[in-house]
Amino acid sequence: MSFGASFLGGANSRLLPVSIPLRFFLLGLVFQAAGWAVLLTNAADLAGFNGGLGPVLAAVHLLTLGVLTMTAMGASYQFLPIVTRQALMRFWPARLSFWLVAAGVIILAYAMARLWPFGLDLGAGLVAAGLLIFVILTGDNLRRASGVPVVAAHGWLALVALSAVVIAGFLLISDFRSGGLGDHQAVAIFHMVLAIFGFMGLFAVGFSYILVPMFALAHVDISRAAWAQFLLSVFAIIGFLLGVQTHRGPLMIASASAGFIAAAIYIWAMWTSLRAGMRKRLGVSFLLIRVSWGFLLVGVFLGGAMVANVPVPNTPALFGFVVLVGWLLTFLMGVLQRIMPFLASMHITDKTGKPPLLSSLTPKRPLLVHAAFHFLAVGLVSVGIVVNSAILIRFGAASGLVAVAAFAVFSGHILVQLRKR
Amino acid sequence: MKSGLPGRHWQDKDGLHIDVRSLSPPQPMVAILGQLDQPDQQGPVTVHHDREPIYLYPELAERGWTWKLVAGEIGEVRLILSRPS
Ligand code: HEM
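Quick mapping for you: the protein sequence lines, in order, are chains A and B. According to numbering that gives the first Met the number 0, the first sequence is numbered sequentially starting from 0. According to numbering that gives the first Met the number 0, the second sequence is numbered sequentially starting from 0.
Okay, chain A solo, but in the shape it has when bound (with noise of 0.2 angstroms):
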């Protein structure tokens, strides 16, 4: 080894094993399949959703939890010590809040499923336990990202986020088992409305300020934008939850109206990067990651039209929907289909002690047959919704699994080279 690499303690001393994040990533896939299946099986009750225990919230959290948090976490530990340039100090954390996590979706989804109240008290304690290794992880690095503030504001307030949802989790379980909350509803929508915009928007958005000026190789300076877009968003968070509580609408319509504006400067800020960028060809997940943004604004816009009580017919389980499946799901599998390979690639080599070809790491079918179905999926869904049809609803969720099917196989094509060399 040359000086300068052992100088530093060796560059393998920062790299994560790769089983780290591909395990979050291929049991995230599960739990989409997962997803899918109960709203293949349950499609009858989807459209009238408006919260409460049953198969449509098991759905609702396989997705948040078992796909995107798991992403998440999958994703911050391999990308944050890069970013902080501190290396995770120890593994073995990250692996038990793995196995916490997955344990506990499981649980947790089927007890929301089948009204299991033992297994709401296990699942959600399982969870949390895993969560708070996760939060304890990664603020310790955040702690020391000195050179993107924009991105740790972002982190901080997702874990602060995350932690509020999860006691949110814990007071809506127990009141179902025994009453004692005053208004589960208030309690209901502060836990929502933080899941996704506080916790996995603020992650999304943080994250993507990183990683898609490095897809694009984009040189151009959009932090005041982010800035903005950061404080719009924190207002419109803490407007809306107020809002909220004290039951004042035109409170909750100008926090939404905030939200969408700040929505609004994100995809600019996004999109000045694309066009800066020096690689233009961003394929086909980059077309999953352009079609999430419009996604996230038709997302804002209805949660404000919900507000403002405009007449889209169900209007909860379109909103719950679109920002969760449209926006969030699939920006999150935009991103994945680019990390998955890098990451790859990083940990083999062949003969003559190179890395293969990125290109070699993506096969290009299951890809497009991915977006194909999963674009599929999230129209059929979202018309169904709206004009309250099952079947519809039922092939968008057979549409959904022939995507993820897909993705496995393009994962499967992965981990068989990991597997060769």
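To be clear, the hints were calculated from the coordinates, so they are not data collected in a lab. All values derive from a computational prediction rather than experimental measurement. Idealized CB from N, CA, C, for every residue including glycine. Honestly, I wouldn't trust all of these hints.
[Unchecked claim] Take a look, some chain B residues computed to stay more than 10 angstroms from chain A by CB distance:
#	residue
1	Arg7
2	His16
3	Pro25
4	Asp39
5	Gln40
[Claimed, not checked] Taking lysine-lysine pairs in the DSBU-like style, the calculated list, with each CA pair at most 35 angstroms apart, reads:
#	chain 1	residue 1	chain 2	residue 2
6	B	Lys12	A	Lys353
7	A	Lys419	A	Lys353
8	B	Lys67	A	Lys419
9	A	Lys419	A	Lys279
10	A	Lys419	B	Lys12
11	A	Lys279	B	Lys12
We have chain A; now place chain B with the ligand onto it with these hints.
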């Protein structure tokens, strides 16, 4: 050499040098690949970094460039990038 990219770059007897030590991610990668993607860039290119750029390697391999870690200053990771003819 392309100007308008982040970091410091200068031409020396042994080719182009890029110093990305003061940059935060993802700018080091943008600075280096931006130079390598210039049609007239044949290498070698010397990179002055503050850590081993593991995320850069897949991109280098994709472009047909090779890399070698060499001795640098204290706290520096120095790489020589070249494009085998
Ligand atoms: C210990 C962990 C958690 C528990 C016990 C829990 C529990 C619950 C419960 C009981 C509800 C239904 C509220 C009602 O309508 O009465 C709910 C809704 C929801 N939860 Fe969680 N949750 C947890 C974690 C999370 C996390 C981490 C996320 C996101 C990352 C999340 C996202 C959501 C969403 C989006 C809804 C709204 C569903 C809807 O009504 O459309 N939850 N949660």
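Tested hints:
1. Arg7: holds (14 angstroms)
2. His16: holds (15 angstroms)
3. Pro25: Non-interface label on Pro25 of chain B violated, nearest chain A Cβ at 3 angstroms vs cutoff 10 angstroms.
4. Asp39: holds (15 angstroms)
5. Gln40: At roughly 13 angstroms from the nearest Cβ of chain A, Gln40 of chain B sits farther out than 10 angstroms, so the non-interface label holds.
6. B:Lys12 with A:Lys353: Within the cut-off at roughly 28 angstroms; holds.
7. A:Lys419 with A:Lys353: holds (15 angstroms)
8. B:Lys67 with A:Lys419: holds (25 angstroms)
9. A:Lys419 with A:Lys279: holds (32 angstroms)
10. A:Lys419 with B:Lys12: Between Lys419 of chain A and Lys12 of chain B the Cα gap is close to 43 angstroms, so the pair fails against 35 angstroms, i.e. violated.
11. A:Lys279 with B:Lys12: holds (33 angstroms)
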